[in-house]
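Given the sequences, and given the hints that come with them, work out the whole structure.
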Amino acid sequence: MGEFAKGGFTNVGFTWNMPLVSPRDRFGEELLRIGKEHKNVVVLSADLTRSMKTGQFLEAIPERYINAGIAEADMMGMAAGLALEGFMPFTSTFAQFAAMRDCEQVRTDICYPNLPVRIVATHAGLSTGCGPTHYSQEDFAIMRSMINMTVICPGDPNQVEKVLQASLNHPGPIYIRLGREAMQTIYDKEYDFVIGKALVPREGTDAAIIATGIGVSMAYEAAVTLEKEGMHIKVLDMHTIKPIDKNAIIAAAKTGAIITVEDHNISGGLGSAVAEVLGEAGISIKFKKLGIPDVWAMNGSPDDLYCLYGFDAGGIKSAVKELLK
Amino acid sequence: MAFEHPQHLVTAAKAKTHDKVQELEGYALEMRKSILKLCSKAGMLHLGGDLSIADIMIGLWKYKLTYDPKRPKWEGRDRFILSKGHAAGALYVAQALAGCYELQTVYDNYLQPGKDFGVHPGNYTPTIEIGTGSLGHGLSIAVGMAKALRLKNCPSRVFCVMGDGETQEGSVWEAAMAASHFKLGNLVAIVDRNGFSLDGPTEEIMGLEPYADKWKAFGWNVIEINGNDMSQIVGALDSVPETSTQQPTMIIAKTTKGFGISFMENKPEWHAGSVNAEMLPKCLAELEERFGKRGTL
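Those protein sequences? They're chains L and Y, same order as listed.
Under my numbering, think of the first position of the first sequence as 1, with each following residue one higher.
Under my numbering, think of the first position of the second sequence as 1, with each following residue one higher.
For the record, the hints were derived by calculation from the structure and aren't laboratory data.
A quick note: this is a predicted structure, and the numbers were derived from the prediction, not measured.
Heads up, the beta-carbon is just placed ideally off N, CA and C, and yes, glycines get one too.
There's no promise every hint is true.
[Said to hold, decoys possible] Listed below are the simulated PhoX-like cross-link pairs for lysine-lysine, each with C-alpha atoms no more than 25 Å apart in a straight line:
hint	chain 1	residue 1	chain 2	residue 2
1	Y	K152	L	K39
2	L	K39	Y	K73
3	L	K39	Y	K183
4	Y	K115	Y	K152
[To be verified] Footprint (simulated), chain L over chain Y, 3 or more residues, beta carbon under 8 Å:
hint	segment
5	142-153
6	173-184
[Stated by the list, open to error] Simulated restraints, written as ranges between beta carbons of each label pair:
hint	chain 1	residue 1	chain 2	residue 2	range
7	Y	K216	L	L168	41 to 47 Å
8	Y	K152	L	P243	32 to 38 Å
9	L	K36	Y	K115	44 to 50 Å
10	L	D294	Y	K216	47 to 53 Å
11	L	E63	Y	E209	36 to 42 Å
12	Y	P155	L	L168	27 to 33 Å
13	L	D192	Y	L198	49 to 55 Å
14	Y	D199	L	P132	30 to 36 Å
Listed below in structure tokens is the structure:
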């Protein structure tokens with residue numbers, strides 16, 4: 001740990017034949033679509049219209065686009081007020097600000113009355129590459145501790161559409177976490193998306209990698225290359241961090257080894273949530289959490305940083321081999 | 001969207017008659033007595049701020065608000081947010097006097113385990129729009145509601161009562177900026193300017209003056225009154241511009257913390273407190289002595 005691999009991202013010898021897609025673009029497109037269909041959808045921004053790709057909504061439905069300015073606490077309070085009046089507000093800002101700058105408004109004004117506010121948080125984890133002030137290493141931990149909150153982090157860029165669709169029929173608040181960079185498309189076939197139900201893009205029997213968000217594609221790459229070395233690795237897309245899919249975790253534990261992968265601090269996020277399930281189920285197996293190893297992450301591109309902190313495909317591959325030794 | 005405005009609900013009296021003011025003063029006396037009785041029974045209440053806003057709460061709940069207690073979610077109602085949620089006692093009594101529930105229900109349930117009447121208003125009672133208590137939150141919520149009413153073409157107003165101390169919170173000024181930016185003439189905020197927060201006088205802890213100028217600079221229509229004088233409260237509420245106008249209104253109500261009970265007045269140690277069985281008759285007697293002749297009840 002502590003040195004950048006030459007050229008960044010570790011080459012594990014796997015090439016995707018599916019496109020990279022920006023989850024933010026998908027968010028912007030889908031938000032407009034549901035906004036046109038559902039007149040109760042309002043969008044709030046904290047002066048990040050371009051970054052959040054919400055400009056097309058502003059252009060098409062300006063009366064339901066509310067720019068709060070650089071005032072996240074007020075944005076969340078306003079969202080609560082709008083939700084009390086029957087609207088479904090989608091607030092939009094970077095994850096670090098969504099989770100912390102307005103944390104108490106989210107807790108007290110949105111979660112306590114259980115209002116249907118959708119907190120869309122982009123540039124999550126290390127994906128901005130903009131340094132610690134803009135990294136969100138703690139947002140899973142914060143959001144999953146909130147009563148009534150549902151926490152979702154899509155593992156595939158096109159899943160954003162399914163998340164927004166699912167959100168329309170969900171009663172309480174939802175935290176929707178997206179990265180900044182384009183993501184690998186993983187699913188080439190139609191599938192059912194259910195909040196709280198993990199997907200299994202790859203089956204395996206020797207170990208299971210439980211990943212979320214950008215981690216899913218890196219876990220998948222690691223699993224494919226490990227297959228060439230004779231290891232059959234299961235991959236779970238744990239898109240819902242809360243409520244977490246206990247049954248899927250317990251089923252994954254039958255492999256005898258679990259590795260969790262998240263672009264988040266290893267403390268309090270997906271890894272911790274999985275460990276809680278295993279502990280309460282009385283399951284004792286080989287277990288390793290991958291993510292930001294409880295350090296202030298350095299400056300650098302996301303790919304370089306994922307490599308540096310050992311949770312890019314190469315890092316995951318090494319961790320699996322180490323665990324199965 | 002269509003809204004019905006039954007004539008009996010559209011706040012009865014535009015008439016600022018002497019009789020009306022006297023009637024409201026009578027309710028304010030009853031409210032102060034009820035607050036003290038409640039405190040004596042339950043053991044703890046935020047007395048200082050309850051007593052300072054008693055007259056304002058009566059002015060709102062017995063005079064100004066368009067509200068049908070039988071239909072608390074009626075779309076045509078005026079919305080009310082108590083941002084200074086620690087004055088829950090004043091809210092419960094005001095809503096009881098307005099017919100939302102029986103006063104006895106408040107006496108029976110306040111501070112009782114698992115019941116709906118807590119130290120701060122929670123999200124349990126249909127007549128309470130949203131639970132409050134953490135300071136500096138209410139105005140943002142009120143701005144969101146006022147914006148929502150605009151989007152729905154609903155002619156109702158949003159009223160938000162704040163403490164002066166809580167306007168030291170930065171989020172209040174974010175909301176203040178937003179309210180005038182969004183031209184929310186359907187929003188009326190009232191600050192209980194009793195001059196004290198928990199630790200002492202606001203001007204010693206963190207100065208707020210020049211207070212009216214600050215709100216004016218943020219684009220608000222500012223009205224300054226004596227918030228313990230019912231005729232001035234009625235006058236201010238009558239002078240709130242039409243809901244269709246473009247500027248939010250701020251009523252700065254200069255009040256006395258603990259107003260009505262001489263040994264509590266301007267004493268921050270009575271921010272929250274309790275009145276025992278021995279003190280209660282003396283307090284009630286003082287209230288009767290000071291206000292009994294003014295009221296008609």
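Hint check:
no. : hint                          : verdict
1   : Y:K152 <-> L:K39              : holds (11 Å)
2   : L:K39 <-> Y:K73               : holds (20 Å)
3   : L:K39 <-> Y:K183              : holds (22 Å)
4   : Y:K115 <-> Y:K152             : violated (34 Å)
5   : 142-153                       : holds (count 10)
6   : 173-184                       : holds (count 6)
7   : Y:K216 <-> L:L168: 41 to 47 Å : holds (43 Å)
8   : Y:K152 <-> L:P243: 32 to 38 Å : holds (33 Å)
9   : L:K36 <-> Y:K115: 44 to 50 Å  : holds (45 Å)
10  : L:D294 <-> Y:K216: 47 to 53 Å : holds (49 Å)
11  : L:E63 <-> Y:E209: 36 to 42 Å  : holds (39 Å)
12  : Y:P155 <-> L:L168: 27 to 33 Å : holds (29 Å)
13  : L:D192 <-> Y:L198: 49 to 55 Å : holds (54 Å)
14  : Y:D199 <-> L:P132: 30 to 36 Å : holds (35 Å)
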